[in-house]
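Engineer: Following the hints, position chain B against chain A.
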Amino acid sequence: MNVTPGVFELGRAVPVGSSVAVQVGDRVASDTVIAIGHLDRRVLRLPPGDNFELLKKPGDPIKKGETLAVMEELLGLGLRELVSPCDGLIESVNPRRTGIVVTGSDREIRALVPGLIQALGPSEIRLSVTGHRLQGFFGFGQPASGELWMAGELYTASEVKRRLGPAVEGQVVLADSFVLPEVLPVLGRYRAAGLICGGLDFGPLWDLISPAGPFPAGRGLPTLVVLGGFGPCRIGSEDRDILGRAEGKRVYVAGPTAGRLVFAGPPHPEVVVA
Amino acid sequence: MAQREGLALLVGSTVTTVFTVRDGQPTLPGATVRTSGRIPAPADLLPALRTLGRPEASAQDFTSIVVAAGTPSVTIDGRSSLNPQAIRVTASALLEAGGALAGPLPSDTVAVDLFIHELARQAPDALVLTQPIAGDKLRLVARFLGGKSAGDCLHVVYNGPAGYRHKALENLAGCALSSIPSAITAGKPTTGPTLQALRDLVTSHLGGRLAAAGYAGRPFASMGAAAARTALRLAGPDGPSLCFLVVEPAEATAFLPFGNGVDAASAGVVGAGTVDLIAAGRSRPAGAGAEGWLPTWTSLLRRLPLDTEPIDVANLAGTGLVRPWAAADSEDSALVNAAMTEEILARLAAKWTGAVRRETNPARARVIVGTGYGLSRLGSVRLAASALVGGLEPAGVTVVAVDPWGASLLGATPEVVATCLSPLQVEHDWMRARTDPWAIVTLERGNDRVSLRRLLPGQVSVIPLGAGERGRLTIEPCLPKLDFGAGPGRVWRGEVRGGTIGLVLDGRGRPCRPPEDPVLRMAKQREFLAAFGVLEPAHRRMAVAGKEVSS
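Heads up: the sequence lines are chains A and B, in that order. Residue numbers for the first sequence follow my numbering, beginning at 1 and rising by one. Residue numbers for the second sequence follow my numbering, beginning at 1 and rising by one.
Only chain A is shown next, with the shape it has when bound in the complex (with noise of 0.2 Å):
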């Protein structure tokens, strides 16, 4: 796998119109804020016809779970509620009312990784790092950056739950070699900030990740990067030393492009012991 070692560039993407907290120069540690703004928008589709309520008007706050709308089914015999995905707030609602955009509310990014602040554009900081980057062979996710769990070999979802359980939340966890796909959806009801691994198989996680699956892309789960290949690979020795000297120590670990899946880089998935 391709280690970089030394000082190198890191892009830390920040919403367009968002406010940057620091300045070129400025140093920087892993929770330091670098900027607040908000890059969840979503936008939810209203059934056509009236036979509807909307209970929110455009610049109400809202909270994740909260009945946005109530609609009529079955003739009025039943009622279906509109619930907000995301805290934020209502941005619109469209003038034929076939739909609400929701705007998650502002938050603060930050740097998730030491380093110094090279440069800053209209949607990247540019940070100067040092430290080992270590490129994926595979990964989907947001940028995230936790403590290093080793977990040694951990294959099935049974062992995250008798193993590590709900200790995992904000940590990142490694697994030597081969892991099951469906420890990821238990590593996101357990919070955990991302997976690296040695291989896993690409079937099974396709079946949780496609367009048609129940997380597109990888939304919903926790960051994941593959360093061997697909199917039973184990962590290459030189990644093994770099991880295995920083365990319970912070590291970051980020897909290619949040929100999309990209299965031939640039960008490629990486992971960053600072």
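Treat the hints with care, as some may be off.
As the list claims (entries may be wrong) - Pairwise CB distance ranges (calculated): (1) A:E108 to B:A350: 27 to 35 Å; (2) B:T298 to A:L74: 33 to 41 Å; (3) B:T298 to A:L54: 42 to 50 Å.
Note that these hints are calculated values from the structure, not bench results. No experiment lies behind these values; they were computed from the predicted model shown. Cβ atoms here follow ideal geometry from the backbone N, Cα and C, with glycine treated the same way.
Structural biologist: Quick look at chain B alone, frame taken from chain A:
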């Protein structure tokens, strides 16, 4: 066409190839480097230049450049329920000009918010409107473009009916609006203005990218334009119908000369090809079908002569997608990559009539020429030819040529690999034992050498005819309904050229439905690949008195 002496550069989407040009022709083999998603700078080509013995060469030595990477991505808008012809014509013109399809847009009136959301997600370099937009949609587009700066401006090309203006878009800094005559006039397609506008867009975009990469002032063409030109050159003015295919690891584009122009369409397994633009469900992101982008693993397995599990096929297919620049490192891997190519081509052929026109279809072309790294990485022209035949399932007498290096895009003539014989629209019932022959095939070569073969249903065999040889072929159908291109029951006569393989007598039927029985299916796939010289013929062995005897 390349100049007389110098170097030629072919920048594919996954691999870049450098050729030495002698007497105006690229010489083989070329030398390759990875493209890595952008046009490689001259310094990046040093390993390839060293291989060619020209390490001192500079950008000025490149006399011809053909580029697929870095072409502008274009989103096409229009309601397929109202004016599918405009979308078809625009999509074909886009490929012929050399642009890349960013994706389809949901154009239902109930989904204007989704429209903007999807437009922002696709982030195209240009938006082509095949119909006027107004009302909420226009206001939302104007608001979206109003947030863009002049440096990040979107080219919006209005290509719909005359008499409409989009005043809300005219004075926006983030929008460069232009209007061109509609691609459909009085119900008839007139591609000229659309093609010219898209060519101008691609040329200016690519010119900037090439200049930024260090090739300022060098003659260049987009891959699409070069492929369309090559298709016209190879077909000739009165030649047989020809299909020129550019096959990349996850996408294939076909160019078919028709009339004075070229029909083009693309299909892929990752994201959308232009054949998906008219398909149902286009309002879903990237036009995903019910099963997602990729074929099912069992359908891939049905194309393979491997006794393996679908999960292993999935891993090999996934590896082929993640590392498209890598040549196959094992026989299994090459066969899976070939099966993936077949799936892409089958998708292209199946959706062609709906997405382009009924009169042309890659599967009905008399000459099929394939190029691109999707074929090159298979490692053998024989396997590449078998993938072309397996994917398109041509019927009649079809010449198959493969150019693994892409030199035909720079003026070279591709190598004929095989001539495939199969009757039109006759399915084979695998449950029946060997039946009467479908046809008697006679090949007369010089020196009174005559080969006589039966084309048996369910079997694939070969009559060798070497490269450069010519022969007179006669196909006599044994049943009145069988048609080899001369009409039902009529004798087909013509001259054929030899190639690496020769004549392949394909008795699997059209459409080819592999046997349900897995053992028979594997045996038949092996027989098909053995006919192409990819695999050794399977010998049935019997143990007789402690000895193994081949039968």
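Engineer: If a hint holds in the structure, say so; if it doesn't, say that too.
Structural biologist: Against the structure, the hints come out as follows:
1. A:E108 to B:A350: 27 to 35 Å: 50 Å, violated
2. B:T298 to A:L74: 33 to 41 Å: 39 Å, holds
3. B:T298 to A:L54: 42 to 50 Å: Given range 42 to 50 Å: holds, Cβ gap about 46 Å.
The structure is inconsistent with hint 1 alone, although it conforms to all the rest.
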